[in-house]
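Q: With these hints in hand, go ahead and build the complete structure from the sequences.
So the sequence lines, in the order shown, correspond to chains A and B.
Residue numbers for the first sequence follow full-length UniProt numbering, so the first one is 1 and each next one is one higher.
Residue numbers for the second sequence follow full-length UniProt numbering, so the first one is 1 and each next one is one higher.
It is worth saying that the hints were derived from the structure and are not from the lab.
There could be a bad hint or two in this list.
Any copy, or any two copies together, can satisfy a pair, since identical chains are not distinguished.
To be verified - EDC-like cross-link-like pairs, simulated, lysine to aspartate or glutamate; straight-line CA separation at most 20 Å:
{"#": "1", "residue 1": "LYS229", "residue 2": "GLU325"}
{"#": "2", "residue 1": "LYS191", "residue 2": "GLU325"}
{"#": "3", "residue 1": "LYS191", "residue 2": "GLU161"}
{"#": "4", "residue 1": "LYS138", "residue 2": "GLU325"}
{"#": "5", "residue 1": "LYS254", "residue 2": "ASP301"}
{"#": "6", "residue 1": "LYS254", "residue 2": "ASP388"}
{"#": "7", "residue 1": "LYS141", "residue 2": "GLU327"}
{"#": "8", "residue 1": "LYS192", "residue 2": "ASP347"}
{"#": "9", "residue 1": "LYS121", "residue 2": "GLU376"}
{"#": "10", "residue 1": "LYS120", "residue 2": "GLU376"}
{"#": "11", "residue 1": "LYS284", "residue 2": "ASP301"}
{"#": "12", "residue 1": "LYS226", "residue 2": "GLU151"}
{"#": "13", "residue 1": "LYS254", "residue 2": "GLU264"}
Number of protein chains: 2
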Amino acid sequence: MSSTASKLDPDRQLPSSGQRSSCYHKGLNYLTNSPKKADRCSSRTKNGKFPDTTNTPLRNLALCRKPPGSVSPAKRQINEVKETKTTVNCVTFPLPGEGPEQQLLKPNEWSYCDYFWADKKDPQGTTHVTGFEVLLQKQLKGKQLQKEMAEFIHERIKIEEEYAKNLSKLSLSPLAAQEEGTLGEAWTQLKKSLHDEAEVHLKFSNKLHTEVEKPLLTFRCDNFKKDLKKYDHHIADLRKQLASRFAGVEKARKALADRQKDLEVKTQQLEIKLSNKTEEDIKKARRKSTQAGDDLMRSLDLYNQTQSKWFEEMVTTSMELEKLEVERVEWIQQHLRQYTTLRHETDMFNQSTVEPVDQLLQNVDPAKDRELWVKENKTGEVRPVDLDI
Amino acid sequence: MSSTASKLDPDRQLPSSGQRSSCYHKGLNYLTNSPKKADRCSSRTKNGKFPDTTNTPLRNLALCRKPPGSVSPAKRQINEVKETKTTVNCVTFPLPGEGPEQQLLKPNEWSYCDYFWADKKDPQGTTHVTGFEVLLQKQLKGKQLQKEMAEFIHERIKIEEEYAKNLSKLSLSPLAAQEEGTLGEAWTQLKKSLHDEAEVHLKFSNKLHTEVEKPLLTFRCDNFKKDLKKYDHHIADLRKQLASRFAGVEKARKALADRQKDLEVKTQQLEIKLSNKTEEDIKKARRKSTQAGDDLMRSLDLYNQTQSKWFEEMVTTSMELEKLEVERVEWIQQHLRQYTTLRHETDMFNQSTVEPVDQLLQNVDPAKDRELWVKENKTGEVRPVDLDI
Numbered sequence: 001m002s003s004t005a006s007k008l009d010p011d012r013q014l015p016s017s018g019q020r021s022s023c024y025h026k027g028l029n030y031l032t033n034s035p036k037k038a039d040r041c042s043s044r045t046k047n048g049k050f051p052d053t054t055n056t057p058l059r060n061l062a063l064c065r066k067p068p069g070s071v072s073p074a075k076r077q078i079n080e081v082k083e084t085k086t087t088v089n090c091v092t093f094p095l096p097g098e099g100p101e102q103q104l105l106k107p108n109e110w111s112y113c114d115y116f117w118a119d120k121k122d123p124q125g126t127t128h129v130t131g132f133e134v135l136l137q138k139q140l141k142g143k144q145l146q147k148e149m150a151e152f153i154h155e156r157i158k159i160e161e162e163y164a165k166n167l168s169k170l171s172l173s174p175l176a177a178q179e180e181g182t183l184g185e186a187w188t189q190l191k192k193s194l195h196d197e198a199e200v201h202l203k204f205s206n207k208l209h210t211e212v213e214k215p216l217l218t219f220r221c222d223n224f225k226k227d228l229k230k231y232d233h234h235i236a237d238l239r240k241q242l243a244s245r246f247a248g249v250e251k252a253r254k255a256l257a258d259r260q261k262d263l264e265v266k267t268q269q270l271e272i273k274l275s276n277k278t279e280e281d282i283k284k285a286r287r288k289s290t291q292a293g294d295d296l297m298r299s300l301d302l303y304n305q306t307q308s309k310w311f312e313e314m315v316t317t318s319m320e321l322e323k324l325e326v327e328r329v330e331w332i333q334q335h336l337r338q339y340t341t342l343r344h345e346t347d348m349f350n351q352s353t354v355e356p357v358d359q360l361l362q363n364v365d366p367a368k369d370r371e372l373w374v375k376e377n378k379t380g381e382v383r384p385v386d387l388d389i
Numbered sequence: 001m002s003s004t005a006s007k008l009d010p011d012r013q014l015p016s017s018g019q020r021s022s023c024y025h026k027g028l029n030y031l032t033n034s035p036k037k038a039d040r041c042s043s044r045t046k047n048g049k050f051p052d053t054t055n056t057p058l059r060n061l062a063l064c065r066k067p068p069g070s071v072s073p074a075k076r077q078i079n080e081v082k083e084t085k086t087t088v089n090c091v092t093f094p095l096p097g098e099g100p101e102q103q104l105l106k107p108n109e110w111s112y113c114d115y116f117w118a119d120k121k122d123p124q125g126t127t128h129v130t131g132f133e134v135l136l137q138k139q140l141k142g143k144q145l146q147k148e149m150a151e152f153i154h155e156r157i158k159i160e161e162e163y164a165k166n167l168s169k170l171s172l173s174p175l176a177a178q179e180e181g182t183l184g185e186a187w188t189q190l191k192k193s194l195h196d197e198a199e200v201h202l203k204f205s206n207k208l209h210t211e212v213e214k215p216l217l218t219f220r221c222d223n224f225k226k227d228l229k230k231y232d233h234h235i236a237d238l239r240k241q242l243a244s245r246f247a248g249v250e251k252a253r254k255a256l257a258d259r260q261k262d263l264e265v266k267t268q269q270l271e272i273k274l275s276n277k278t279e280e281d282i283k284k285a286r287r288k289s290t291q292a293g294d295d296l297m298r299s300l301d302l303y304n305q306t307q308s309k310w311f312e313e314m315v316t317t318s319m320e321l322e323k324l325e326v327e328r329v330e331w332i333q334q335h336l337r338q339y340t341t342l343r344h345e346t347d348m349f350n351q352s353t354v355e356p357v358d359q360l361l362q363n364v365d366p367a368k369d370r371e372l373w374v375k376e377n378k379t380g381e382v383r384p385v386d387l388d389i
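A: As structure tokens, this is what we get:
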């Protein structure tokens, strides 16, 4: 599987590590961005996949506590900063028009691996369905339809058997069995031809069973659904892991924000010379802030590693499902073709059941039949003569 | 009818009047022949057609009364005389090897009119069946067989209707109706093709009804049996008349025999001069004997006229029945041919129901179906990117 994935240009599927900003002093942006994020998070919580850790009262507090009118250098920075990514259900996407242009992994192929990255609301709109589940549903439906086709063929088989039964029963009927001569022979053959027809239809139904119904029924019988479940669990586990890793990131961000606020407060105290021992405090606060920044970077790395693992599994597995669907369609096509072939055969063989009847009908000859009958039933050919004394 | 009869050479079918012996003085033969005739008559009486008028006690008496050893000139004549004809059930035939050689009326045709002149014992051997009744039985049986063939076709029609009903019912089944794309189109057409097949078989059963069953059923429906009865009664009446005419002949023969015996007695009395007034008696007896001879000739004429009328009716009617049988065989042949034609059509039309399915199966394309499905079901093609601060 991973081999399939490695075929893809990693730079196109995931940003190179070079793109990763490691300057956590931009961390300030985060603070003011967080409400925006919070909106997304609150919408996110609808699917109840994981708790929203960004929209805590504490954070709001931090925002409200700022004295009105005061404009910090951080604030100035904010206006220059622009959001370039969005995280939905813990998966991070570039915003429209942001980041490097994405080419399709398999252009012009309408490959599953290119079109099922986002989750979608399910019909009831209460929960979300992942793109991968949509692919799985397609597989399960395909399996079901294939089973229904087999059922249909089975019904056809029963109809053919019934028809054959009735034909061969009628062919044994004694009706007009006493017809004699060449006409009698033609009639006997006509009755026999019904038995031959019955044979043709019986053969048809038998072949339908072995060459169409069974293959449709047994194709991917047992293991298929197990395999799908395996895929499903594997991908779902990665999504769970992704969620907890994202929670870790959020937690680290909050810690960093607290540290930075503490540093900011201490810096102001230094400016207004409130105490003399602040130099020491600022050093200590900066060290703690740096520490929090490193923690955030680590949790970001963990998150991104998981997301890229999920990404690779999505690509390889969806391409596997794509292959399975191609096989299903071709398998069904092949066996429905077998159906039409058998139908054609049946019509051909049926033709041949009538030909001997045609032959004997050609030979029907009233004069010949009279000769046969007269020879068998004549009473006397000496004609009467006059009586005399 | 009579025109057909007149085509036949009367000399061949009946002895010319020239052959008739008008010399009733050979009447003597009759006397001594009569026991032989009596045998025939007694066998004749078995069929109870008319009473035996020749084997009366009186006749036996007449035979027994002859004084032993006496040989009359008549007796001498007898030995020269030879029987040339035999009368069975009142119909008179030449004895084997007697009379002019008979050619068939219609040589090499096995025509009914040449082979049904004699009566035959019926299976139980109790009564006789006339040759004409044998021909009538053939007609009635033919009618019955034709009716049975119609029944057989009717059964086939019911089978086709049932088959068509099941096929079109199945074609409406919702099974696998959700299959999509090119495969879905092919599947839908396959299901529809069952409805088309049903139509083909329904059309077959309808045509079987109008073009085979009905013609077989209605051919000579009502009048046929009436016509046969007419023929039957007509011929039977002539046979009855023939019987009574033959009784008349037998009676006249007996009367003549009595007269001749009386004459013989009187002649003997004259020889031995028993009385003188015998001359007168002999004249009187000879006149009466001549009178009885004329009566016999008249009744023979009546008998022969009736036999020749019966003969003509037998020829014309049996040739009519022969024509009817030829028509029946050709009619059945023609409509069984229609049956095979319809069967061939059905197979042809059936072929055509599968072709559109073949077409659409050709067009099945997994890539195309994926494109259609992806376009409809994709959740998002923007790929995830690394999260950063």
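Q: Please go over all the hints and tell whether each is borne out by the structure.
A: The hints, checked one at a time:
For the homomeric pair LYS229 and GLU325, the shortest alpha-carbon distance inside one copy (16 Å) is at most 20 Å, but the shortest distance between copies (79 Å) is not. Neither within a single protomer nor between protomers do LYS191 and GLU325 lie at most 20 Å apart by alpha-carbon distance, with minima of 49 Å and 22 Å respectively. Taking the shortest Cα distances, LYS191 and GLU161 sit within 20 Å of each other both inside one copy (19 Å) and across copies (19 Å). Only within a single protomer do LYS138 and GLU325 lie at most 20 Å apart by alpha-carbon distance; the minimum there is 9 Å, versus 71 Å between protomers.
In this homomeric assembly, LYS254 and ASP301 come within 20 Å of each other (Cα to Cα) only inside a single copy, at 17 Å, whereas the closest approach across copies is 148 Å. Proximity of LYS254 to ASP388 under the C-alpha cut-off of 20 Å is restricted to the inter-copy arrangement: shortest distance 15 Å between copies versus 149 Å within a copy. In this assembly of identical chains, the alpha carbons of LYS141 and GLU327 lie at most 20 Å apart only when taken from the same copy (15 Å versus 65 Å across copies). Proximity of LYS192 and ASP347 under a CA criterion of 20 Å is satisfied in both settings, with 18 Å inside one chain copy and 18 Å between copies.
Only between protomers do LYS121 and GLU376 lie at most 20 Å apart by alpha-carbon distance; the minimum there is 15 Å, versus 91 Å within a single protomer. Only between protomers do LYS120 and GLU376 lie at most 20 Å apart by alpha-carbon distance; the minimum there is 13 Å, versus 91 Å within a single protomer. In this assembly of identical chains, the alpha carbons of LYS284 and ASP301 never lie at most 20 Å apart, being 26 Å within a copy and 165 Å across copies at closest. Proximity of LYS226 and GLU151 under a CA criterion of 20 Å is satisfied in neither setting, with 23 Å inside one chain copy and 59 Å between copies.
Proximity of LYS254 and GLU264 under a CA criterion of 20 Å is satisfied intra-copy only: 15 Å inside one chain copy versus 169 Å between copies.
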